[in-house]
Amino acid sequence: MLFVRKNIMAFTGLFLCIFLVVHLGGNLILLLPSETAHGLYNSYSAKLGGNIFIRVVSIFLYLSILLHTVYAALITSKNNKSKGKKYLVNHTIESSSWTSQNMGLLGFSILIFILIHLSNFWWRVKLGYGEIVPLDSNGLKDVYLITTELFKNPYYVFIYVIFIIPLSMHIKHGFSSAFKTLGLYNLNYIRKVSIIGNMFSIIILIGFSVIPVAVYLRGL
Amino acid sequence: MRVTFKIWRQESNSDDGRFVEYEVDNISEEMSFLEALDSLNESLVQQGKGVIAFDHDCREGICGQCGVFINGRANGPHSNTTTCQLHMRSFKEGEVIVVEPWRAKAFPVIKDLVVDRSSFDRIIQSGGFITAKTGTAPEANSILVGKDIADSAMDMAACIGCGACVATCKNSSAALFTSAKINHLNILPQGKTESSKRVLEMTERMELEDFGHCSFTGACEIECPENISISNIAKMNFDLLKAKLFKG
Amino acid sequence: MKLDAKIPEGDLEQKWSKYQDKCKLVNTANKKKFEIIVVGSGLSGAGAAATLAELGYKVNCFCYQDTPRRAHSVAAQGGVNAAKNYQHDGDSVWRMFYDTLKGGDFRSREANVYRLAQLSAPLIDHFSQQGVPFAREYGGVLTNRSFGGVQVQRTFYARGQTGQQLLVAAYSQLSKMVASGGVTMNTREEMLDLVIVDGKARGIVTRDLVTGKIKKHSAHAVVLATGGYSRVFRLSTLAIGCNGSAIWAAHKKGAFFAGPSFTQIHPTALPQSSDTQSKLTLMSESLRNDGRIWVPLKKGDSRNPEEIPEEERDYYLERKYPSFGNLSPRDIASRAAKERIDEGHGVGPLKNAVYLDFKHAIAKQGKEKITDKYGNLFEMYLKITGIDAYKQPMKISPAAHFSMGGLWVDYELMTTVNGLYAVGEANYSDHGANRLGANSLLQASIDGYFILPNTINNYLAGELNQSIPNVDHDEFSKAEESVKNKIEKLMNINGSKTVDHFHRKLGNIMWQECAMSRSKSGLEKAIKEIRDIKKSFWEEVSVTGSDKELNPELEKGLRLADFIELAELMCVDALQREESCGAHFREEFQSSEGEAVRNDDEFSYVSAWEYNEGDFKLHKEELKFEYVKPTVRSYK
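If you read the sequences in order, they're chains A, B and C. In our numbering, each residue's number is its place in the first sequence (first place is 1) plus 484. Just so it is clear: in the second sequence, position 149 is 148 by our numbering, and no numbers are missing. In our numbering, each residue's number is its place in the third sequence (first place is 1) plus 1064.
Treat the hints with care, since some could be wrong.
To be verified - Within a straight-line C-alpha distance of at most 25 Å, the following computed DSS-like cross-link-like pairs (lysine-lysine) qualify:
| no. | chain 1 | residue 1 | chain 2 | residue 2 |
| --- | --- | --- | --- | --- |
| 1 | B | K132 | C | K1598 |
| 2 | A | K570 | B | K104 |
| 3 | C | K1070 | B | K48 |
| 4 | C | K1433 | B | K146 |
| 5 | B | K104 | A | K565 |
| 6 | B | K132 | C | K1095 |
| 7 | A | K565 | B | K91 |
| 8 | C | K1561 | B | K48 |
| 9 | C | K1428 | B | K146 |
| 10 | C | K1088 | C | K1070 |
| 11 | B | K132 | C | K1086 |
| 12 | A | K562 | B | K5 |
| 13 | C | K1088 | B | K132 |
| 14 | A | K569 | B | K104 |
| 15 | A | K569 | B | K243 |
| 16 | A | K676 | B | K241 |
| 17 | C | K1096 | B | K132 |
| 18 | C | K1553 | B | K48 |
| 19 | A | K567 | B | K5 |
| 20 | B | K48 | C | K1569 |
| 21 | B | K48 | C | K1598 |
| 22 | B | K48 | C | K1280 |
| 23 | C | K1096 | C | K1280 |
| 24 | B | K169 | A | K567 |
| 25 | A | K567 | B | K104 |
| 26 | A | K570 | B | K241 |
| 27 | C | K1542 | C | K1066 |
| 28 | B | K146 | C | K1431 |
| 29 | C | K1612 | B | K48 |
| 30 | A | K562 | B | K146 |
| 31 | C | K1548 | B | K48 |
| 32 | A | K562 | B | K169 |
| 33 | C | K1122 | B | K132 |
| 34 | C | K1447 | B | K91 |
| 35 | C | K1599 | B | K48 |
| 36 | B | K132 | C | K1082 |
| 37 | C | K1415 | C | K1569 |
| 38 | B | K5 | A | K569 |
| 39 | A | K570 | B | K5 |
Quick caveat, the hints were computed from the structure, so don't treat them as lab data.
All chains, please: the whole structure from these sequences, using the hints.
Encoded structure:
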């Protein structure tokens, strides 16, 4: 079971990383001049919803988030059962990073962020709850408009920037760990994968936090 | 020098246990940490009190019997060392030194600082050997082993079975211990024949013994007295994946 | 009682195979009817237990540690000898036999030593098969290094952790047999007495170290594999728990004790730095392959080693023993160090050490090569002393190490008690008066893996129709009672002195009078003092806590009580042997140059002592040398 659980975590984690790349790539459209970005972003959003391939992938995506969360809970519960009494003094932080010791906590904050994020967009655009999403001049749902509207609110900008930090940290440790869980053992490759993971986590951090800030600034 | 030991005392496994403070002032810097405990015990005897039980034997860092959590770290402030190789010169005058037993469900406390690590024995019994009887060996040089393979096998085989990896792991995982043994035997031509069986059975035993999952915090390789690399765990995962996929 | 070593007839080369041809066997189906107790789980104990179980016997194995993998075989660093002649340097079984016999100063049996050399090569095959990562050449073949007292390279090694690697292999094999049900492993359980029924060893009485419960175990035969007793000196290279209690209990029940005073003082341990020290850490003798030993020419020279120029250094081993130099055997090297230190040339804060210098080796071979060979030893040295030996010479000093002495055994490794065997360091067999480096792992393994599993059949075959006595048998109850009484007595003295207090006193006396150099007057004084210690120990010692729990103080007390008695026998033996041989150096018997003078006319025998209620009685096993002529042991 150890094997199955950890491998599911690794597979789903890496799949979610790929999703993040695509997600970030699409969202970079928001940084283009607003005339271009408006139409492009809405048609990009519409395509995502209409493509059968993307639909299938998105099922995997939801499943991945679900499995990653469920198995995290199972693993944490098993780990907690394995622990003895707590140490009175514990400085294991000297022998390992805070991030690696707190993946569960980081994951939990990411989950909260995902819920906020989904309620902001997916809830309205996909499920049609809440305020009706207006259509643009091409008759597509104007996702661009609701995005820019959202980031006129500085609190949301703040939330979006802050919550990217745990995501980035989670990736920093999780990316290379996933490879090790899947059996990448050559020290040379492990080092390279760690470097890639670190770079990736920085790109995610900068990329996703620049967007809300830029949109906010533009809206001023 | 003068220090205060704050030591976990527990009569037996069924007892609750508590910390007791002992001030000692006849400690010299050359003393090893265990010799300081010896000296404390000697003074306890003179006061008619029972001594603090702690595990130790060879006192040269190779038998793996000693090992306690000192000031929040396995085997004290230094990395990659055993408790017996820790000397009092590593502590400050007047310091309070908190001493706790290894904490893990798979390592129940027997008394004071002594824990039961027989779970490690059971992991080895589940496959940490080469199935060959005395008397069946071929000429040693008929099995060639490349120097690099022999050297890596030695790196892994150096494990002393002390349990520092488990003690320091936030999940109480025995992955470093188990993987070191699996890899030592799996990479050698002598041990390859039963590599799949070995990795399947030893990892299964590891889980049954109530050890947690590995989440690659890396604390284990920092505390391991024999510098065993965490890449061993990745290699174990690789062998396990291979065995699961192809050997069922 | 006449000692019969049961040496088989025939040519030296044929003795072992002739023995195997003729000894009685136990059929496979019958083996499972036999139960064998093995006390100790080091190389010889684990090797014997695993192999006996593989053969089909039911084995009950005991160790005082928390797992068999801790046994002190683990600490042997340098290597294991074997006459493979892989280096093509003229080695052979005969040469190894001769080196070992000569190394032991002709105080061991030819037949035993020859068998040791004969079985050495298959042992390397065995351990290689069991997964021991021996050092290899790039081409994949095994490599060797040289060791003290020998001119060929026949030592196989796994970095500086050979003992650990062999023990881990033995432990693995033992674990395999535990898993298959062949061996029942009893950890944290210490043997306190031997039970003899109708003249045959039939069981043991133990104390469960966790619960304090006294337990009785019966069997068809008992094997003692309990290692050496150099902790009698307190400060030694041994593990803190190593003890002589099991063999002492056997001795008191009738097993003769041979050559008790033959103790090897290892030349390359770390020097003592204070009174509270508990242990002297060994630095492998293999370091002498590349390290050069020296002291300053000037007495009391307190300059740093690097400030002392070449011409003011005395490489005394190279000077005194040019053909063996730094690789002189251990007894010679230790004595030479003692001589220099006593003369006032010692170095270090307590002036009790000599230098072991790698400067030349590093300059010649490069740091990398030296790291490859001794990296872990240099690391260990740094951890303990805080000194980087790549930059400064190591400081080393002699320390009590190996017990050549032990229970007297015949060619079959049986003691003078029927059905009681002693294997490994616990017996007196192959090393005579001095052991060569890298022969101890060898002897322990060969006894356990190869010899005992063959010879024990010869005894058990005759026991087929004998059922083992129930543990409720009178003899078991008597032994249990005496153990309980002893513990009770010890717990109730409630004196004012600690066990360690007495151990320090005993150790000092033994180190002064019964270590590297012995004299009649000193030994007589020592015997008197030891008797005084014994008396005051039983009147003034304090053992706190309860005997019904894990009580390290009680364990120490019981072990020390036996050490005190054993120490007396060691001195009695050293006093009786009026010659100098091997590790036994009597000041009265030395040449004008200070070299040992052996007396073959009067002392060419093994001294086997009978307990005789504490009034030790000597039995002599004459040593007959049919194939080699004992010569003056010269390493010049």
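Taking the hints in turn, this is what the structure says about them:
Restraint check: the Cα-Cα separation between K132/B and K1598/C comes to about 47 Å, which exceeds 25 Å; the hinted pair is violated. Proximity of K570/A to K104/B is assessed by CA-CA distance (about 11 Å); at most 25 Å being required, the pair is judged to hold. With a CA separation close to 53 Å, the supplied pair K1070/C and K48/B exceeds the 25 Å bound. At most 25 Å may separate the alpha-carbon atoms for a hinted pair to count; K1433/C and K146/B meet this at roughly 14 Å.
With a C-alpha separation of about 7 Å, the suggested pairing of K104/B with K565/A holds against the 25 Å cut-off. For the suggested pair K132/B and K1095/C, the alpha carbons sit about 16 Å apart, so the restraint of at most 25 Å is met. About 36 Å separates the Cα atoms of K565/A and K91/B, which puts this hinted pair outside 25 Å; it is violated. The hinted pair formed by K1561/C and K48/B meets the criterion: a straight-line CA distance of about 13 Å does not exceed 25 Å.
Among the hinted pairs, K1428/C with K146/B is consistent with the structure: their alpha-carbon atoms are about 23 Å apart, no more than 25 Å. The straight-line distance between the Cα atoms of K1088/C and K1070/C is roughly 14 Å, inside the 25 Å bound, and the hint therefore holds. At most 25 Å may separate the alpha-carbon atoms for a hinted pair to count; K132/B and K1086/C meet this at roughly 23 Å. Proximity of K562/A to K5/B is assessed by CA-CA distance (about 31 Å); at most 25 Å being required, the pair is judged violated.
At most 25 Å may separate the alpha-carbon atoms for a hinted pair to count; K1088/C and K132/B meet this at roughly 22 Å. Taking the CA atoms of K569/A and K104/B, the gap is about 8 Å. The hint holds against a cut of 25 Å. The hinted pair formed by K569/A and K243/B fails the criterion: a straight-line CA distance of about 34 Å is larger than 25 Å. With a C-alpha separation of about 23 Å, the suggested pairing of K676/A with K241/B holds against the 25 Å cut-off.
Our distance criterion of 25 Å between C-alpha atoms is met by K1096/C and K132/B, whose separation comes to about 17 Å. Proposed proximity of K1553/C and K48/B is supported: the alpha carbons are some 18 Å apart, at most 25 Å. Proposed proximity of K567/A and K5/B is supported: the alpha carbons are some 22 Å apart, at most 25 Å. For the hint pairing K48/B with K1569/C, the CA-to-CA distance comes to about 23 Å; that is within 25 Å, so the pair holds.
A C-alpha spacing of about 24 Å is found between K48/B and K1598/C, which places the hinted pair at or below 25 Å, so the restraint holds. The straight-line distance between the Cα atoms of K48/B and K1280/C is roughly 30 Å, outside the 25 Å bound, and the hint therefore fails. Of the pairs offered as hints, the one joining K1096/C and K1280/C holds, with about 21 Å between alpha carbons and a cut-off of 25 Å not exceeded. As the CA atoms of K169/B and K567/A are separated by approximately 8 Å, the hinted pair is consistent with the 25 Å bound.
For the suggested pair K567/A and K104/B, the alpha carbons sit about 5 Å apart, so the restraint of at most 25 Å is met. For the hint pairing K570/A with K241/B, the CA-to-CA distance comes to about 36 Å; that exceeds 25 Å, so the pair is violated. Annotation: proposed proximity of K1542/C to K1066/C is violated, straight-line Cα distance about 29 Å (limit 25 Å). For the suggested pair K146/B and K1431/C, the alpha carbons sit about 19 Å apart, so the restraint of at most 25 Å is met.
With a CA separation close to 15 Å, the supplied pair K1612/C and K48/B stays within the 25 Å bound. Distance restraint check for K562/A and K146/B: the Cα-Cα separation of roughly 40 Å exceeds the 25 Å cut-off, and the hinted pair is therefore not satisfied. Taking the CA atoms of K1548/C and K48/B, the gap is near 22 Å; set against the 25 Å cutoff, the hint holds. Our distance criterion of 25 Å between C-alpha atoms is met by K562/A and K169/B, whose separation comes to about 12 Å.
Proposed proximity of K1122/C and K132/B is supported: the alpha carbons are some 16 Å apart, at most 25 Å. With a C-alpha separation of about 18 Å, the suggested pairing of K1447/C with K91/B holds against the 25 Å cut-off. Between K1599/C and K48/B the CA atoms are separated by roughly 24 Å; this keeps the pair inside 25 Å, and the hint holds. Distance hint between K132/B and K1082/C is fulfilled; the C-alpha atoms sit about 23 Å from each other, no more than 25 Å.
For a cut-off of 25 Å, the pair hint linking K1415/C to K1569/C stands: about 22 Å separates their Cα positions. A hinted pair counts as satisfied when its Cα atoms are at most 25 Å apart, and K5/B with K569/A qualifies at roughly 17 Å. Restraint check for K570/A and K5/B: the C-alpha separation of about 16 Å stays at or below 25 Å, so the hint holds.
Consistency with the previously given hints fails for numbers 1, 3, 7, 12, 15, 22, 26, 27 and 30, ordered from lowest to highest.
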